[in-house]
Amino acid sequence: MPDDIRRNDPSGQIRSAAAAATPRLVELRRDIHAHPELAFEEVRTAGIVAAELARLGIPHKTGIGRTGVVGMIEGGRPGPTLAIRADMDALPIHEETGLDYASTVDGKMHACGHDIHTVTLLGVAEVLRGMAPSFAGRIKLVFQPAEEVLGGAEAMIADGVMDGVDMALGFHNHPDMPVGRFGFVRGACLAAADRFDLVVRGKSGHAAHPYAAVDPIVAAAHFVTQAQTVVSREVKPLQPAVVTIGMSAGGTTYNIIPERVVLKGSVRTLDPEARDVAEAALRRLAEGIALGMRVECQMDYRRMVPPLLNSDRVLDPALAALAAQFGAGLVDEGVPSMGSEDFSAFATRVPAMQLRIGSSAPGRHDALHNAGYQPDEGSIPAGVEALSRIALELLA
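Using the working numbering, the first residue of the sequence shown is number 304, and each one after it goes up by one.
Keep in mind the hints are simulated off the structure, nothing from the lab.
Mixed in with the good hints, there may be bad ones.
In silico DSSO-like pairs for lysine-lysine, Cα to Cα no more than 30 Å straight-line [stated by the list, open to error]:
id, residue 1, residue 2
1, K411, K567
2, K567, K506
3, K364, K411
4, K539, K567
Beta-carbon label-pair distances, calculated as ranges [as the list claims (entries may be wrong)]:
id, residue 1, residue 2, range
5, A583, M550, 18 to 26 Å
6, D466, R327, 25 to 33 Å
7, D466, D615, 23 to 31 Å
8, E562, A583, 24 to 32 Å
9, V521, A405, 41 to 49 Å
10, V521, A623, 56 to 64 Å
11, P381, K567, 45 to 53 Å
12, K364, R327, 19 to 27 Å
13, D619, P395, 33 to 41 Å
The beta carbon of each residue, even a glycine, is placed where N, CA and C say it ideally should be.
Take the sequences, apply the hints, and build the full model.
Here's what the structure looks like:
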């Protein structure tokens, strides 16, 4: 590749390379979609990734963070290291799309588009391998497992994936935007995610004689209702927070007061202060329920991932790159989401950003984590173009 490529506009070359790679990427995506694998089970998917990197002549390592894959593209001159990350895992959802390439594994589905993400990064690898002499530094291709359980990023980091990395770039398909449009958020983009398990233990007995028992169901119900006041009465109104009880289990039949009730909940916050307030409040409520209702409350509260913070140091060059590649008016500034992403583990260590890539299919109104989710495969070449151009801008 001529050394003067950066003095010329690479838009056409990137677009042509992305278009040429698309048929194979779509084929690979449909294969991965038909064979979904859950967190830390992505052996087959990782094998496909490794085989493609080998075909492209890109040095790579497997087994990083258990089932992750990392490739490396060296640029034409010294410079920083940019990590670009894609997640690979599926969800425990039974697919109901009726597609010819629908999941062949009962109860497992790529309902979040990680199959799209995986092949998009493979397309970026192909484009940037061909343009390697034109950029400085190196690109670390990070194919991550287990994003859906918020554990894969830290597993890869423990295996050294962030060693020597100076910047990081993440991305996610967005069915609320059409193909060809992109989005971003300044600052906090996604929420911190915390989880808790609460075991409320009482004393079982006959339903006809509740005075001789200690009812954990009533106590658990009080906790559930009081937990809703954490956001409405303890967190500052301008600090977004969500407390959700996602599971309540206890009892077996009509006429028995059970021994215990188990609650599972999640807490989402964008601000560190709100995160601290919510945890302290939920712990205090559990202690108060235990004292006031004669039960034992055992809470296991786990901080999973911090908020995902987009750095202007990466975001501003990325926006300039998108404008140069696609023209003005195709990039929208959005609002933060209370969803969470363990890409935040990368973003707490180096300047980073996550790009939103439109994936809405015409005439459809899909949502992530849905059994009928059908992202538009046109988001693949769009994502390849966008991420490749951003990488060239960051490593100019």
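Hint-by-hint comparison with the structure:
| no. | hint | in the structure |
| --- | --- | --- |
| 1 | K411 to K567 | holds (22 Å) |
| 2 | K567 to K506 | holds (21 Å) |
| 3 | K364 to K411 | holds (27 Å) |
| 4 | K539 to K567 | holds (24 Å) |
| 5 | A583 to M550: 18 to 26 Å | holds (23 Å) |
| 6 | D466 to R327: 25 to 33 Å | holds (31 Å) |
| 7 | D466 to D615: 23 to 31 Å | holds (25 Å) |
| 8 | E562 to A583: 24 to 32 Å | holds (29 Å) |
| 9 | V521 to A405: 41 to 49 Å | holds (45 Å) |
| 10 | V521 to A623: 56 to 64 Å | holds (59 Å) |
| 11 | P381 to K567: 45 to 53 Å | holds (50 Å) |
| 12 | K364 to R327: 19 to 27 Å | holds (23 Å) |
| 13 | D619 to P395: 33 to 41 Å | holds (39 Å) |
In this structure, none of the earlier numbered hints is contradicted; all agree with it.
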